[in-house]
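Novice: Just so you know, the sequences run in chain order Z and G. Heads up: the first sequence is residues 1 to 352, going by our numbering. Heads up: the second sequence is residues 1001 to 1352, going by our numbering.
The hints are simulated quantities; they were obtained by calculation from the structure and are not laboratory data. All clues stand as given, with none of them false.
Mimicking DSS-like on lysine-lysine, the simulated pairs with C-alpha atoms at most 27 Å apart in a straight line are:
(1) LYS273/Z / LYS1273/G
(2) LYS1215/G / LYS1269/G
(3) LYS85/Z / LYS96/Z
(4) LYS1035/G / LYS1098/G
(5) LYS85/Z / LYS26/Z
(6) LYS35/Z / LYS1289/G
(7) LYS54/Z / LYS85/Z
(8) LYS1096/G / LYS1085/G
(9) LYS289/Z / LYS1035/G
(10) LYS26/Z / LYS96/Z
(11) LYS267/Z / LYS255/Z
(12) LYS1253/G / LYS1273/G
(13) LYS1255/G / LYS1269/G
(14) LYS1289/G / LYS1251/G
(15) LYS267/Z / LYS1273/G
(16) LYS98/Z / LYS26/Z
(17) LYS1143/G / LYS1253/G
(18) LYS273/Z / LYS289/Z
(19) LYS253/Z / LYS143/Z
(20) LYS1269/G / LYS269/Z
(21) LYS1054/G / LYS1215/G
(22) LYS1255/G / LYS1273/G
(23) LYS251/Z / LYS143/Z
(24) LYS1273/G / LYS1289/G
(25) LYS143/Z / LYS1040/G
(26) LYS1269/G / LYS267/Z
(27) LYS273/Z / LYS1267/G
(28) LYS273/Z / LYS1269/G
(29) LYS273/Z / LYS253/Z
(30) LYS269/Z / LYS1267/G
(31) LYS40/Z / LYS1143/G
(32) LYS1255/G / LYS1215/G
(33) LYS1273/G / LYS269/Z
(34) LYS1267/G / LYS1253/G
(35) LYS26/Z / LYS54/Z
(36) LYS255/Z / LYS215/Z
Protein chains: 2
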Amino acid sequence: LESSFPLRFKGGRVPLVLAGFGHVGKAFFGLVLDKGNYLKTRYGFDLNFRAVFKSDGGLISDAGITSENIPEETRHNLTRYPNWKPGARVEAALRKLKPGVFVECTPSDIRTGEPGYGHIRAALEAGWHVVTANKGPLVADLKGLRDLARRNHVFLEYSAATAAALPTLDLALYSLAGAEIQSIEGILNGTSNYILTRMGEGEDYAEALRQAQDKGIAEPNPELDVQGWDTAVKLLLIANSVLGLDLALEKIKVKGITRISPELLEKAKSDEKAVKLIGRLVRSAGRWKASVSPEIVDRSHPLFGVNGTNKGIHFVTDTMGGITVTGGKSDPRGAAAALLKDIIHIFALAHN
Amino acid sequence: LESSFPLRFKGGRVPLVLAGFGHVGKAFFGLVLDKGNYLKTRYGFDLNFRAVFKSDGGLISDAGITSENIPEETRHNLTRYPNWKPGARVEAALRKLKPGVFVECTPSDIRTGEPGYGHIRAALEAGWHVVTANKGPLVADLKGLRDLARRNHVFLEYSAATAAALPTLDLALYSLAGAEIQSIEGILNGTSNYILTRMGEGEDYAEALRQAQDKGIAEPNPELDVQGWDTAVKLLLIANSVLGLDLALEKIKVKGITRISPELLEKAKSDEKAVKLIGRLVRSAGRWKASVSPEIVDRSHPLFGVNGTNKGIHFVTDTMGGITVTGGKSDPRGAAAALLKDIIHIFALAHN
Chain Z
1 LESSFPLRFK
11 GGRVPLVLAG
21 FGHVGKAFFG
31 LVLDKGNYLK
41 TRYGFDLNFR
51 AVFKSDGGLI
61 SDAGITSENI
71 PEETRHNLTR
81 YPNWKPGARV
91 EAALRKLKPG
101 VFVECTPSDI
111 RTGEPGYGHI
121 RAALEAGWHV
131 VTANKGPLVA
141 DLKGLRDLAR
151 RNHVFLEYSA
161 ATAAALPTLD
171 LALYSLAGAE
181 IQSIEGILNG
191 TSNYILTRMG
201 EGEDYAEALR
211 QAQDKGIAEP
221 NPELDVQGWD
231 TAVKLLLIAN
241 SVLGLDLALE
251 KIKVKGITRI
261 SPELLEKAKS
271 DEKAVKLIGR
281 LVRSAGRWKA
291 SVSPEIVDRS
301 HPLFGVNGTN
311 KGIHFVTDTM
321 GGITVTGGKS
331 DPRGAAAALL
341 KDIIHIFALA
351 HN
Chain G
1001 LESSFPLRFK
1011 GGRVPLVLAG
1021 FGHVGKAFFG
1031 LVLDKGNYLK
1041 TRYGFDLNFR
1051 AVFKSDGGLI
1061 SDAGITSENI
1071 PEETRHNLTR
1081 YPNWKPGARV
1091 EAALRKLKPG
1101 VFVECTPSDI
1111 RTGEPGYGHI
1121 RAALEAGWHV
1131 VTANKGPLVA
1141 DLKGLRDLAR
1151 RNHVFLEYSA
1161 ATAAALPTLD
1171 LALYSLAGAE
1181 IQSIEGILNG
1191 TSNYILTRMG
1201 EGEDYAEALR
1211 QAQDKGIAEP
1221 NPELDVQGWD
1231 TAVKLLLIAN
1241 SVLGLDLALE
1251 KIKVKGITRI
1261 SPELLEKAKS
1271 DEKAVKLIGR
1281 LVRSAGRWKA
1291 SVSPEIVDRS
1301 HPLFGVNGTN
1311 KGIHFVTDTM
1321 GGITVTGGKS
1331 DPRGAAAALL
1341 KDIIHIFALA
1351 HN
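Bound-form chain Z, shown alone:
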């Protein structure tokens, strides 16, 4: 027990299993290998990959997968190593190995939640702490997964799914502890904010979207982002985690940015205002209401200056006033850093 963070832990190895080896999974894998010494020195623990899964199999190692036995140049070619097991299954490994932290980074399916939902359930049931960047399982059944974690005395953390390096849940649950939140507004999607920023500079929607796709900011299929659903999902997770609601995605009024006229943007700009896609939680007559919609905001708005791929969130509280946090990398490394942060929090809270 030590005064203030960073807390140090009794130490020793923390077994990790990673599922999903896309952009975020690879970034997390690389981050932990690169930062191993820093993490040992500052926090006193040794994160040790016992298994890393892609969709078609897994690399499993009793000795751990470390920067000593995985050279940086070939770090992403998991299948070339002798321990690569084609067809190996995540759930089987979680049941067999000594529990530590399971890191879920498979692609997000916000309708079924799979395959992440099955992975996370198996992990929690087998006594693993879970950190996830995958929104699908959380949209499918946040309450069920949180209950399962509680029953198994383990943590389920998901900063990486709620705006990644921008600390949304942290701020609300930790920095505002003891204050009551009266409203929340956020710019929670970097892609749509980038497109709106370009449109504010004179581009039309199609051209701004094309530029975002050229730069790798927007995905080839940008529908979830530009139609506001990515913002709605993050808002849902924040509302249900922080305000204790049990909101369903269908209950959020969602309007995206695909039908904003250049004239509206031009007018906003000539009035020294800007159009932002705002996710909003307000209480009215004792009930919380959630919405996602493009809004015209003026210079005095706390999120006015959040441009490009940046994100931001603004809380109004009873005792601390208004508090705004902005920034945080919107890339896979930012999401990986959020996963790592959640692991550090778990050990600070569970193991001192």
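Fit chain G to the supplied structure of chain Z, relying on the hints for placement.
Specialist: Chain G alone, transformed into the frame defined by chain Z:
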């Protein structure tokens, strides 16, 4: 043990002793009395004042000082209650009572640290956790007090002394856990920022200061604020807590706002820029350098929009990019809310 904040505690009463009954002490006392039920419901504990001290004595009660036995109208007239003990001493009470959390709010003396320094040492030695809004003892001997807390297995927390409701330490130590901080810039003093904001609107320094004093924003003796020392003290506490430095106040280059010419402000404004009193920590050739100085910042600066009594802090990190937090009430209630937050953190970290 429960997934995510808010953590709930085994519960029961937490004895509190409060020393210092000025603006912040009174605000904290009122906040805890007013929020008693909310704190029980949300966090599961019952904060119970066992003693409240002014400079000339203390109100001490075995049953606890609660909203039931202290009516709101006469809450601040401690001396009218039968348990008021003229001349009672803080240290004696801390040694006698069953430890809980000691809340230190006596006036700050950044030269001697007293009387807070003696109070805090006595509290830590007797096994009390300590939260403080008083910068004096921390400037006098942060390292010694932290070591003493560690040896006694208790926490020493001081969010209220490092920009109060603006979460500076939280953000750095909790939300940025695992990332390495490369630089820190902050607008950390509401009074000087208010004066600079008014000066940017055309007032001269003397008039802006007078307005700040009329509104109760600046103290009758505003020297520590306008000469930059309050900013320097907060920067020192942040640097030594977050970056692990052992910086002394004399090593910080400090320049205040008393000699800024109206012409400079006018020029900044005509270029669409602004003058801000910036506390800055940067690493150069492997060494951290700390400074406080008025700077001209442009629209792209993350703290450009921080006006009036608002404060803000910007961190640049390796893996999470730049993250900025702004706002948070700059009044006694904001400081009281920060003290309460620290108490919740202590119980989250120490008692699960």
